[in-house]
Each structure stands twice: as structure tokens, then as C-alpha cells.
Amino acid sequence: MKIIACIKQVPDSEAKVKAESGQINTGGATLVINPFDEYAVEGALQQREAVSGSTVTALCIGPESAKEALKHALAMGADDAILVSDPALNDLDTVGAARVLAAAIQKVGGVDMVVFGRQTLDNGSGLTSAQTARALGWSLLGLAGQIKVEERTVRVERVIEEGRQTVKANLPAVISVVQSIGEPRYPSFMGIRKASKAEIPVWSLSDLGIAAPDAIITRSELMNPPARDTSVEIISGESPAEIADKLADKLIAEKVL
Amino acid sequence: MKIFVYIDHFKGETQATSWEALGLAKSFGATTALVFGSGVDDVAKAALEYGADDVLVADDSALLDFRAETYASTLSAIASSRTPDLILFPTTTRTRELAAMSAVDLNTNVITDATAIEVNGDSIVVTRPIYEGKLFEKVTASAKPQFITLRGRAFPKPERMTGKSGTITKVEAKADALTTVEGYSVADVGVSLNDAGVIVSGGRGVSNNPSLQPPAGLDDKQAEIWRAHQGFKLVGELASTLGGAVGASRAAVDGGYIPYSNQVGQTGKVVAPDLYIACGISGAIQHLAGIRSAKMVVAINKDPDAPIFKVARYGVVGDLFQIVPALTEAFKKKLGK
Chain S
1 MKIIACIKQV
11 PDSEAKVKAE
21 SGQINTGGAT
31 LVINPFDEYA
41 VEGALQQREA
51 VSGSTVTALC
61 IGPESAKEAL
71 KHALAMGADD
81 AILVSDPALN
91 DLDTVGAARV
101 LAAAIQKVGG
111 VDMVVFGRQT
121 LDNGSGLTSA
131 QTARALGWSL
141 LGLAGQIKVE
151 ERTVRVERVI
161 EEGRQTVKAN
171 LPAVISVVQS
181 IGEPRYPSFM
191 GIRKASKAEI
201 PVWSLSDLGI
211 AAPDAIITRS
221 ELMNPPARDT
231 SVEIISGESP
241 AEIADKLADK
251 LIAEKVL
Chain P
1 MKIFVYIDHF
11 KGETQATSWE
21 ALGLAKSFGA
31 TTALVFGSGV
41 DDVAKAALEY
51 GADDVLVADD
61 SALLDFRAET
71 YASTLSAIAS
81 SRTPDLILFP
91 TTTRTRELAA
101 MSAVDLNTNV
111 ITDATAIEVN
121 GDSIVVTRPI
131 YEGKLFEKVT
141 ASAKPQFITL
151 RGRAFPKPER
161 MTGKSGTITK
171 VEAKADALTT
181 VEGYSVADVG
191 VSLNDAGVIV
201 SGGRGVSNNP
211 SLQPPAGLDD
221 KQAEIWRAHQ
231 GFKLVGELAS
241 TLGGAVGASR
251 AAVDGGYIPY
261 SNQVGQTGKV
271 VAPDLYIACG
281 ISGAIQHLAG
291 IRSAKMVVAI
301 NKDPDAPIFK
311 VARYGVVGDL
321 FQIVPALTEA
331 FKKKLGK
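Chains S and P, in that order, give the protein sequences. Per the numbering used here, the first sequence runs over residues 1 to 257. Per the numbering used here, the second sequence runs over residues 1 to 337.
Keep in mind that the hints were calculated from the coordinates and are not lab data. All values reported here derive from a predicted model rather than from experimental measurement. Careful, some of the hints might be misleading.
The calculated lysine-lysine pairs, modelled on PhoX-like cross-linking and capped at a C-alpha distance of 25 angstroms, are [unchecked claim]: (1) LYS337/P to LYS250/S; (2) LYS18/S to LYS310/P; (3) LYS310/P to LYS16/S; (4) LYS2/P to LYS26/P; (5) LYS26/P to LYS246/S; (6) LYS11/P to LYS168/S; (7) LYS18/S to LYS138/P; (8) LYS333/P to LYS255/S; (9) LYS246/S to LYS295/P.
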């Protein structure tokens, strides 16, 4: 199988992100592979191991610096990587990103499976996998906790609010994965060495033969969340029962139950 | 402004946020509810009772199971022929996929997780969290139809007007399925974290009860998980006494104590209960981002320096294994349960 893992680069989740004069300040946080996309790479590598003769290509839209996120995927074990980078792609919305990814997937050619993480840490809308599937005209198997391929059929166990659902489709298919797919493997020493030497091809929009998608929405304001009243009242007492009794009275009086 | 609201349900059980979306839409003008599925008369009637002026129903065996591609094709056909300005959805796993795909068909845009919407004439300004609640952005939408998914509990739920009627119109379902649903195993999830007014969460601390003696024959890791399950039993009893949901920190999920679906925080669910009780959770920055919309936080932790106390209104510095069951008993008495 020819497998593509789509990834994005985001500020580390430890970052103290703030709005400052209408701009996002991530406090100099390290840019890393989106944590959800590490699961996508893991899921793709599992399928490469399950179906002999398979390859995994990591695919990312981003600036030149996003090569570092692709190198993380290579270090985890991906066979190769592609960066789509173009100044015209700075303000992509998710439909735009999906159209660009679909064009890149078609340019790679002969792809059987595309794997996404469930969402990104920065925008967090979780739409791109479904939109890429739609742009390609392929089926979507969303929120997969398990993937199993037999011949040209793929079955996933989908993790939804109400429980688990088994869904199948024919390949090619787009799959988004959730954490139950398994903890992402650590990059191996050999993997890190290979990744550091890798030449990652960069495709522009003209390489893909498409125009820049229109951005339909504009950000008009950026705000920090309202500050919380930070004064904490510590409830103490002679016994757990006394503490519990006082706390229960407070919470009933606050009308939050 | 012509507004549609998509009513999300799972086998006829409607998500409360669908009604919140109807209430919001009604504040902007006449509202049409969209109900898809097979045998969904009751959902359509409920939509009228929660305020929809009329309902468009695609009722077809092809729509029995939610499949993003058939639902999206059905929605895209309706939107193309009836040209709404705005379609609101509750934010659920299904509506993300449905709205996402239909937006590609219609070459429009989806704004997810809205916490506030202002409509002035033709302009729609939406507030939504980014970086999982560390920031909020206001975006101006000029797409038509604009798709917006609403965060749960961000908007008031309207009163149900039992017996209110209205026109229910059948519309065509599309049956262009690419996927087959082979089966379900419905989890005993209790109250959903998204809809919960009260959430009681456990962290790494729930495995830390040295007075418990695990059964013989367990290795260290199994014993830790066994201890954690005893701890989560206490958390669960408090949650069910308060009619709430059980949450967990990433540490508890990574430790294998409880499934990922219970995880609250930046890489889990972002929640907005009235009351969030954190038991044995230290309060990593990602977890604090996930509970930023909670109206009130209560922290129970042994460590007086735990960051969770910085966002808490009330705190107890103590052993959760003593405090949590005592709290359950106190509420049972005071709430007459």
C-alpha cells in the first residue's frame, strides 16, 4: 500500500499562548509536529508493517521551517516526506488546505490510504480530514481507534461519543485516527540519523498546478480569555466529614448544582 | 436572514446543543430545522417544540446510520436549492464531518466551536476558542451559506413548548454511500462530558491510595491500575450523586486508568460545566486550558502548591480518598438522595 500521513507543525502544547496587539505570541515556544499527528504517523507505520510492500510518505503544508516536523515523522520511520510551501498559502482555511492536500496526494499518485490526526492544537477545528476525503471523492473513516486492511477493504473501529462503531470502505480511503491507535513510537537513533540527512522536496502551488484557494473568513480580533477570579478559599476542618459538610453547603449556596 | 439549524441525533437521541442552536437561531429570525435519519418523526416534532418554525425531514432507510458522505450530499442538495444564509450545527463528532464535507461541495466555509455570534444585517461575527481555549478569535464570515458549529452549553437551551406544531416537509435523501456501518458497541458512557453541568475528574492521584491492598498476583503496573479503578469508583459515585459526568486528566488516561473518551484538556475534550471538581489533578497547563470555560472549579489535592488551586474557587488540601466519599455522603444527605 502507498500510505500518506498528513501532518502539521504547531507550537508545543506547553506554550503559554497570548494575544498581544492583535498578534499571537507563543512566547518563543518550540514548533513541533502536532501531537495528534504523531498518532497519524504511528497509524500509518502500523499499516506499513501489516501490509508487506507498503510505504509511508509524510506530507505537510507549511513554511520551510515545517521541515522539522516532517523530519520527526521520518525519524519515527516514514520512508519519505514532502513539504508543500508557497507564500500564497499563508491564510488558508480548512477547505483551502484540503484542496491543496488533495492536489498533492493526486500528484504523488497511486495512493491507497491517507491518515490524519483528529485535529490540530492551534486551530482545532478537526475538519481537514473529511474535507480532503471529499475533495478527492474518497471515503472517510473518521476517528479510527483501530485499522485493519484486507485486500482492498479497510475496516476501522470508530470511537464516537456514544461508543464504538465498526465501519468499512474500499480503498483508497482517508482515515483520521484517535489516541487508541497506540502510543506514537519514539524516533530511533538510526531514524534520527536518516532524517537529519534527508532531502525533503518542496512543492509550490505551480508544481501542483492549482491556484491559491480563496480565504472566505477574516480574523477581526484576537482576545485573551477572561481572567478568572483567582482567589481560592481553602476549606478546612477537624475531619473529612466536617470539611465535606462545609464544602457541600458552599456549593449548594453558589447554585452551581 | 434565512437560517437553518441541523438537529444532530444518535438513533433518535438528540444532543442538547441542537436545541441551544435552535434557541440562538430564533433570536436572529425565522428558523427551519433539518432532521436526517430513518424513522425520525419524534425528532422532527421535538424540533418544533423547541422553537423551529418548520422542519425539513430527510427520512430514508439510506440515512439509518450516520455516514458523512450521504448526509453531506443530502445537506448540500437542500442548501443548493433552498439557499439559506446561515446553517447552525451543534458541535459533535458527526457534525464536524457532515459540515466539513458539505462545505467542500458548496465551496463555503465552516467555523467550529462558536461561543458567541453577532449578526448585524449581512455580517456575521463569530467568537471561537483557538489553541484549545488559550486564546479566542473573532472571525468575520462572508461565505454563503455560512456553516457554524456551536460549542455545547455556550448558548441557553430554550424552553420546550409541548404540543407546538408546524409544517414538516419531506425532502429527498441522497444515497451515495461509500462506507458501510457493520456494527456498534454502545459504551455505558453515562452523562456526556459535553453536555454535563457537573464534572468530577480524577488525575494521577486516584491511584495513590497506599491503604488499599491489591489482589495477589498483579504486577506493579496492574496493581497501580487496580488502585486507580478503586479511586475512580469514588469519583464516579460523587459524579452520579450530582447527576454529572466523569472526567480525567491526561496523566490518568496515559496511565491506563480510564479511556481516552473521558480525557479533559487540550488534547482531550474542552468542557464548560457549571461545576468542575478536580480530584488528585495537579493542573498541567493543557488541563487548565480545557477547563477554562468551567464556571466554578473545586480542587481536592494533597499538594497545597498544585497549580490547580490557582484556578479553583474552593480548595481542599487533603486526601481525596477521605474527602471524596465524605462529600458524596454530604450531598446525598443535603440533596435528599
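For each hint, the structure was consulted:
1. The straight-line distance between the Cα atoms of LYS337/P and LYS250/S is roughly 18 angstroms, inside the 25 angstroms bound, and the hint therefore holds.
2. Proposed proximity of LYS18/S and LYS310/P is supported: the alpha carbons are some 18 angstroms apart, at most 25 angstroms.
3. Note on LYS310/P and LYS16/S: the hinted pairing holds, with a Cα-Cα distance of about 16 angstroms set against a maximum of 25 angstroms.
4. About 11 angstroms separates the Cα atoms of LYS2/P and LYS26/P, which keeps this hinted pair within 25 angstroms; it holds.
5. For the hint linking LYS26/P to LYS246/S, the alpha-carbon distance of about 42 angstroms lies beyond 25 angstroms, and the restraint is violated.
6. A threshold of 25 angstroms between alpha carbons decides the hint, and for LYS11/P with LYS168/S the separation of about 20 angstroms falls inside it, so the pair holds.
7. At most 25 angstroms may separate the alpha-carbon atoms for a hinted pair to count; LYS18/S and LYS138/P meet this at roughly 15 angstroms.
8. Between the alpha carbons of LYS333/P and LYS255/S the distance comes to roughly 17 angstroms, so the proposed pair stays at or under 25 angstroms and holds.
9. Distance restraint check for LYS246/S and LYS295/P: the Cα-Cα separation of roughly 20 angstroms lies within the 25 angstroms cut-off, and the hinted pair is therefore satisfied.
Hint 5 from the earlier list is the only one contradicted by this structure; the remaining hints agree with it.
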